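Asks: Keeping the supplied structure of chain A fixed, place chain B upon it in accordance with the hints.
2 protein chains.
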Amino acid sequence: MQNIDVPEMNMPRVVIIGGGFGGLQLVKGLKNKDFQVVLLDRNNYHTFQPLLYQVATAGLEPDSIAFPIRKIFKKYKNFHFRLAEVERIDPELKKIYTNIGQLHFDYLVIATGSKTNFFGNDTLREFGMPLKTVTQALDLRSMMLQNFEKALLIPDLTERESTMNFVIVGGGPTGVELAGAMGELKKHVLPNDYPELDVRRMQIHLIEAGPKLLPGLSKDSSNKSVEYLKKLGVHVWLDTMVTNYNGQTVSTNVGKKLQAKNLVWSAGVMGNGIEGFSIDKIDRAGRINVNRCNQVEGYKDIFALGDVACMSEENYPKGHPMVAPVAMQQGELLAKNLVRLEAHKEAKPFTYIDKGSMATIGRNKAVVEIAKMKWNGAFAWFIWMFVHLISLVGFRNKTIVLVNWLWNYFNYDRGIRLIIRPFKRNKKDEEPAATLI
Amino acid sequence: MQNIDVPEMNMPRVVIIGGGFGGLQLVKGLKNKDFQVVLLDRNNYHTFQPLLYQVATAGLEPDSIAFPIRKIFKKYKNFHFRLAEVERIDPELKKIYTNIGQLHFDYLVIATGSKTNFFGNDTLREFGMPLKTVTQALDLRSMMLQNFEKALLIPDLTERESTMNFVIVGGGPTGVELAGAMGELKKHVLPNDYPELDVRRMQIHLIEAGPKLLPGLSKDSSNKSVEYLKKLGVHVWLDTMVTNYNGQTVSTNVGKKLQAKNLVWSAGVMGNGIEGFSIDKIDRAGRINVNRCNQVEGYKDIFALGDVACMSEENYPKGHPMVAPVAMQQGELLAKNLVRLEAHKEAKPFTYIDKGSMATIGRNKAVVEIAKMKWNGAFAWFIWMFVHLISLVGFRNKTIVLVNWLWNYFNYDRGIRLIIRPFKRNKKDEEPAATLI
Chain A
5 MQNIDVPEMN
15 MPRVVIIGGG
25 FGGLQLVKGL
35 KNKDFQVVLL
45 DRNNYHTFQP
55 LLYQVATAGL
65 EPDSIAFPIR
75 KIFKKYKNFH
85 FRLAEVERID
95 PELKKIYTNI
105 GQLHFDYLVI
115 ATGSKTNFFG
125 NDTLREFGMP
135 LKTVTQALDL
145 RSMMLQNFEK
155 ALLIPDLTER
165 ESTMNFVIVG
175 GGPTGVELAG
185 AMGELKKHVL
195 PNDYPELDVR
205 RMQIHLIEAG
215 PKLLPGLSKD
225 SSNKSVEYLK
235 KLGVHVWLDT
245 MVTNYNGQTV
255 STNVGKKLQA
265 KNLVWSAGVM
275 GNGIEGFSID
285 KIDRAGRINV
295 NRCNQVEGYK
305 DIFALGDVAC
315 MSEENYPKGH
325 PMVAPVAMQQ
335 GELLAKNLVR
345 LEAHKEAKPF
355 TYIDKGSMAT
365 IGRNKAVVEI
375 AKMKWNGAFA
385 WFIWMFVHLI
395 SLVGFRNKTI
405 VLVNWLWNYF
415 NYDRGIRLII
425 RPFKRNKKDE
435 EPAATLI
Chain B
5 MQNIDVPEMN
15 MPRVVIIGGG
25 FGGLQLVKGL
35 KNKDFQVVLL
45 DRNNYHTFQP
55 LLYQVATAGL
65 EPDSIAFPIR
75 KIFKKYKNFH
85 FRLAEVERID
95 PELKKIYTNI
105 GQLHFDYLVI
115 ATGSKTNFFG
125 NDTLREFGMP
135 LKTVTQALDL
145 RSMMLQNFEK
155 ALLIPDLTER
165 ESTMNFVIVG
175 GGPTGVELAG
185 AMGELKKHVL
195 PNDYPELDVR
205 RMQIHLIEAG
215 PKLLPGLSKD
225 SSNKSVEYLK
235 KLGVHVWLDT
245 MVTNYNGQTV
255 STNVGKKLQA
265 KNLVWSAGVM
275 GNGIEGFSID
285 KIDRAGRINV
295 NRCNQVEGYK
305 DIFALGDVAC
315 MSEENYPKGH
325 PMVAPVAMQQ
335 GELLAKNLVR
345 LEAHKEAKPF
355 TYIDKGSMAT
365 IGRNKAVVEI
375 AKMKWNGAFA
385 WFIWMFVHLI
395 SLVGFRNKTI
405 VLVNWLWNYF
415 NYDRGIRLII
425 RPFKRNKKDE
435 EPAATLI
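Residue numbers (my numbering), protein chains in the order written: chain A, 5 to 441; chain B, 5 to 441.
Next comes chain A alone, as it looks inside the complex (with noise of 0.2 Å):
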């Protein structure tokens, strides 16, 4: 296997393996720090995850949620990025193998995230819609859109009404979000579209394993959420658990069948985990068990953050929630520590900060807690926008998404409803692969 051409510098190599906002913060860190970076990605840009349902549901384009890494990277030095698929580590040779080449690492840092946990349901694997990249959200798109086309086409009224049908599995913040967009989409922008279908007798479920939605909130929020969503339309169903799905029936536990072509599953993330450790350091949710300094078990030079990572902390004994924040705070950290390493100082451990939750479910309709205060409605819909209108990379970025959104907004549109790619269900793109030609 061919050296992946970087660079020797006599300086330590931190090798990081993940673009995400654990990463992403990690480099940020780093900057001007005597290390040389080497940051790898399957794809060549960041993904604002929190906004990819927007993707999926015709409001945004992917470039107002994608980040091309090297223009944010433009002026490091001693930085590296590299469009690679690592396909395992050797701890003890200190080397990691990748799709294009071998690379050796002094510090190696994994930050490559979750993916979409189908608890080994083959079937629910073929069927179910993932919702975690950009990709993904495209072929989300497609699919509804030309499930609608086809619709058009079935005279059978049962049939045509399932194909119309929409099943989000998953009370998260992204089943949420999703549901809420879906009742919009069905509310303001389908019947417009599809002046010769009944609309109205689409159906949309999020249904929910637990006894309440979005399970980093309040109750009193969580039960706002509930009203929200059946405001738009939208049957909840909590305690209940799908238990299978075969592109047309979705069974429960509770005994409950619904019909539907569309289904998509956010109701289980798992560590987006590496091959080359011993199954010991590996927790049951694929995660990598790591000390409070983000070292993996028995490693002093190598580490893992984020969602991959976990690390048992006072108020989170079985590990932190999989959510950005956790990444980022661990990514800032990580990088102060590492320049302790180096100075042969002590790493400083890592302790969470909560610094609130928040879930938009529609216009003028949103729940966020934010330390002990909590709002809903217009305001916190507001708030939800701001927070993530500056959370998104750059200026243009920034911008392109509030137009959209003041469009939307004052039109009760989605302007992005196009099949660009048609959805091919034979063709799924389970994890997208970066390749070179």
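Just so you know, these hints were derived from the structure itself, not from any lab.
Just so you know, these numbers come straight off a predicted model, no measurement behind them.
Where hints are given, some of them may not hold.
Intra- or inter-copy, both count: the list cannot distinguish identical chains.
[What the hints assert, rightly or not] As a list, the in silico DSS-like pairs of lysine-lysine whose alpha-carbon atoms are at most 25 Å apart:
#1 154 to 78
#2 352 to 285
#3 81 to 190
#4 352 to 304
Replies: This is chain B only, laid out in the frame that chain A set:
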């Protein structure tokens, strides 16, 4: 074959194949007239082809230049859109056959536009990239960026250069505008993204078989465009015909050989004809012969317009240029003529009004000819932008394009350097088909 489910109405049915410039204009002209209008297209959107090259060069996203057809006509009565691929027509039975079923027509309008002409050269078809559709533009963007990522891994300097090199064949507006945009990428964007590559060594070639660029414009404007291109570092070859390309070596009829992994073929288009007519109705460029009222020879109720039609006029004995204004003017007149024919009046013959032509090469660099006036430089560039902005469908699209152009202008940037769907040669998107699941 089942019937396409379209209501039976007590008014004549006009079936239009193709939602391009001509088809759209025709639907608009038939608004509130006593016709049932059925529009078929393989995509659910209209493509604003003049700006495709900006999608290819990371300046715009598809939603800026693609507009959902259902949205355009959402307030039209007696209008039906169907996402379909037409397989053939039977002019005698007055039926068309598609991938979603068959349909009877009273009037048929073929507005299928043009497709890339490789003049029967299979290796050119295999390795040359066409630029007629949104997906082709996205493929081209991905391919170029993937090749730059790949160049980083190539130690051999000659091979590394050929991986960066870019050859554009065909000196019409598409070729000239694409060459200019590539010149700007090379100058302002790629060196920042790839500091490890010597981007100065990247060569951009524009090859034209005829004696001048932009055949629709005057010699002065053509010379000016050559001057602009040279300023941007583009090598312009006139009177040079590309005879072959094997993915690596570009062969020409003057003995010159170029090494390049990227080749765009914009040197020829042909009518995107339809099966069902006898061969004598089709000209050598694949266009359907029509009379001055766009009637296909021998039929009173079958029409063809725009690029796919060949109409002989005083000043255009061999047919009109294959450009949008011809299609739009023909669509406008044909709407009136259909009304006249239904009222048993005679159809009016078409006369093309050439309002001018223009091309942009780069920032502050454009050539414009309107009536007998000619401009170039910054003022021409503003005219070009203004005309293209107001021609875009919809306020949202205009705003998004303007934001992107302002961003690009003030930052010397192209923000959308994203490889969303990696390009794979063996899955090349020749003629994309919108398929239902």
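Asks: Give the relationship of residue 81 and residue 190 under a CA distance limit of 25 Å: within one copy only, between copies only, both, or neither.
Replies: Classified as between; 21 Å across copies, 49 Å inside a copy.
Asks: From the Cα coordinates, with 25 Å as the cut-off, is the pair residue 352 and residue 285 best called within, between, both, or neither?
Replies: within (22 Å within a copy, 81 Å between copies)
Asks: Please sort residue 352 with residue 304 into within, between, both or neither, judging by C-alpha distance up to 25 Å.
Replies: within (14 Å within a copy, 84 Å between copies)
Asks: With 25 Å as the alpha-carbon cut-off, assign the pair residue 154 and residue 78 to within, between, both or neither.
Replies: Classified as between; 18 Å across copies, 46 Å inside a copy.
In summary, the structure agrees with every hint in the numbered list given earlier.
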